[in-house]
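Construct the entire structure; sequences and hints are all you get.
16 is the number that UniProt numbering gives to position 16 of the sequence shown; each next residue is one higher, with no gaps.
These aren't lab readings, by the way, just hints derived from the structure by calculation.
We treat Cβ as the ideally placed atom computed from N, Cα and C, and that holds for glycine.
Hints may be right or wrong, so weigh each one.
Quick list of the computed label-pair ranges, beta carbon to beta carbon [claimed, not checked]:
| hint | residue 1 | residue 2 | range |
| --- | --- | --- | --- |
| 1 | SER171 | GLY293 | 45 to 55 Å |
| 2 | MET313 | ARG136 | 40 to 50 Å |
| 3 | GLN179 | GLU283 | 36 to 46 Å |
| 4 | ASN143 | GLN35 | 50 to 60 Å |
| 5 | TYR133 | ASP41 | 20 to 30 Å |
| 6 | GLU268 | LEU172 | 24 to 34 Å |
| 7 | GLN19 | ASN45 | 22 to 32 Å |
| 8 | SER171 | ASN75 | 18 to 28 Å |
| 9 | ASN75 | ASN126 | 44 to 54 Å |
| 10 | GLN19 | GLU208 | 45 to 55 Å |
With a straight-line cut-off of 27 Å between C-alpha atoms, the simulated DSS-like cross-links for lysine-lysine are [as the list claims (entries may be wrong)]:
| hint | residue 1 | residue 2 |
| --- | --- | --- |
| 11 | LYS282 | LYS266 |
| 12 | LYS85 | LYS97 |
| 13 | LYS85 | LYS6 |
| 14 | LYS266 | LYS296 |
| 15 | LYS282 | LYS296 |
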Amino acid sequence: MELAMKVAEAVHVLNHDTQSCNRVAANQWLVQFQQTHAAWDVATNILTSDRRHPLASNFELEFFAAQILKRKIQNEGYQLQSGPKDALLNALLLAVKRFSSGPPQLLTQICLALSALILQVVAHGNPIEQLFYSLRNLQSEDNGNIAVLEMLTVLPEEVVDNQRIDSKINSLHISHYTQELLSHTSMVLEFLLRQSEMNFDGSVQQNERNRKILRCLLSWVRAGCFSEISPETLAAHPLLNFVFNSLQDSTSFDLAIEVLVELVTKHEGVPQILLCRVHYLKEVLLFPALNRGDMKVIGGLACLLSEIGQALM
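This is the structure we're talking about:
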């Protein structure tokens, strides 16, 4: 408790003290603290305890705690024994539930920490099955779908990121993680479809939810979620219609283009599917954009049509 209060005070000084020398000292202390073994328990308690810390706003302290856990998991998580790893996994699942209604930045950090941990645990158990069980239960909670969307978005990103960088996780673990993850593809796509069919009172809320759905779908496409689905099935999939409809909304256009480009580059049958919709792309989107000089739409469609053309050569 005393150490947690010191952390809270240091975070408060770092973010609010007017004296630069005090902020520098606080930062140095926090950097040293992050390297200690005690940081595991302190950060976990901050995220899972309901007590209030008067010396720092809750968001600042909790965000810092989530960042600590994410970094320590990525850098030192492989050193943890199975018991502490399981306890940390349960604690992070509890934190996801606790902060399911936000703040969004904090929820994202917790989800990133959780996905990094699952990647390390997957070789020694079945954490992904446990996670999806927890996610199904979370859907019944108030604002639970928001947390589920965020968690489902960052899980596949862990695969892509660890394949791109020099990771401490070996390729066998990543391959096993990917297989376990993609075994839940049908559940994820059904969840995204249900979310896409929901209507909200405000257009801003609707647009924001649609962007979250597209961002999540993009993550799963990059991880290979449609690799076992035939072109015919994909062509008739309702989520593909959702992506095309999203092209007509300026707030979701960029993400919809990203999803389609990713589908074109990853799946042989997709370019032929999209070729059948080129007339729609030109008549409904491209020509009106040319008339009003909308360079965002023109550029996005040019990129997509170029990818389709190259794939068909």
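Outcome of the hint check:
For the hinted restraint 45 to 55 Å between SER171 and GLY293, the CB-CB distance of approximately 48 Å keeps it satisfied. Distance hint check for MET313 and ARG136: the Cβ-Cβ separation is about 44 Å, which falls inside the suggested range of 40 to 50 Å. At roughly 42 Å, the beta carbons of GLN179 and GLU283 sit within the given window of 36 to 46 Å. About 35 Å separates the C-beta atoms of ASN143 and GLN35, a value inconsistent with the hinted range of 50 to 60 Å.
A hinted range of 20 to 30 Å for the beta carbons of TYR133 and ASP41 is consistent with their spacing of about 26 Å. A hinted range of 24 to 34 Å for the beta carbons of GLU268 and LEU172 is consistent with their spacing of about 27 Å. Separated by about 29 Å at the C-beta atoms, GLN19 and ASN45 satisfy the suggested range of 22 to 32 Å. Roughly 19 Å separates the CB atoms of SER171 and ASN75, a value that falls within the hinted 18 to 28 Å.
Range check, ASN75 to ASN126: Cβ separation about 25 Å, and the 44 to 54 Å hint is violated. The supplied range of 45 to 55 Å is broken by GLN19 and GLU208, whose beta-carbon atoms lie about 39 Å from each other. Using a Cα cut-off of 27 Å, the hinted pair LYS282 and LYS266 holds, with the two alpha carbons roughly 23 Å apart. Proposed proximity of LYS85 and LYS97 is supported: the alpha carbons are some 19 Å apart, at most 27 Å.
Straight-line distance between C-alpha atoms of LYS85 and LYS6 comes to about 26 Å, which keeps the hinted pair within the 27 Å bound. Between LYS266 and LYS296 the alpha-carbon distance is near 24 Å, which keeps this suggested pair within the 27 Å criterion. Our distance criterion of 27 Å between C-alpha atoms is met by LYS282 and LYS296, whose separation comes to about 15 Å.
Violated hints, in rising order: 4, 9, 10; the structure is consistent with all others.
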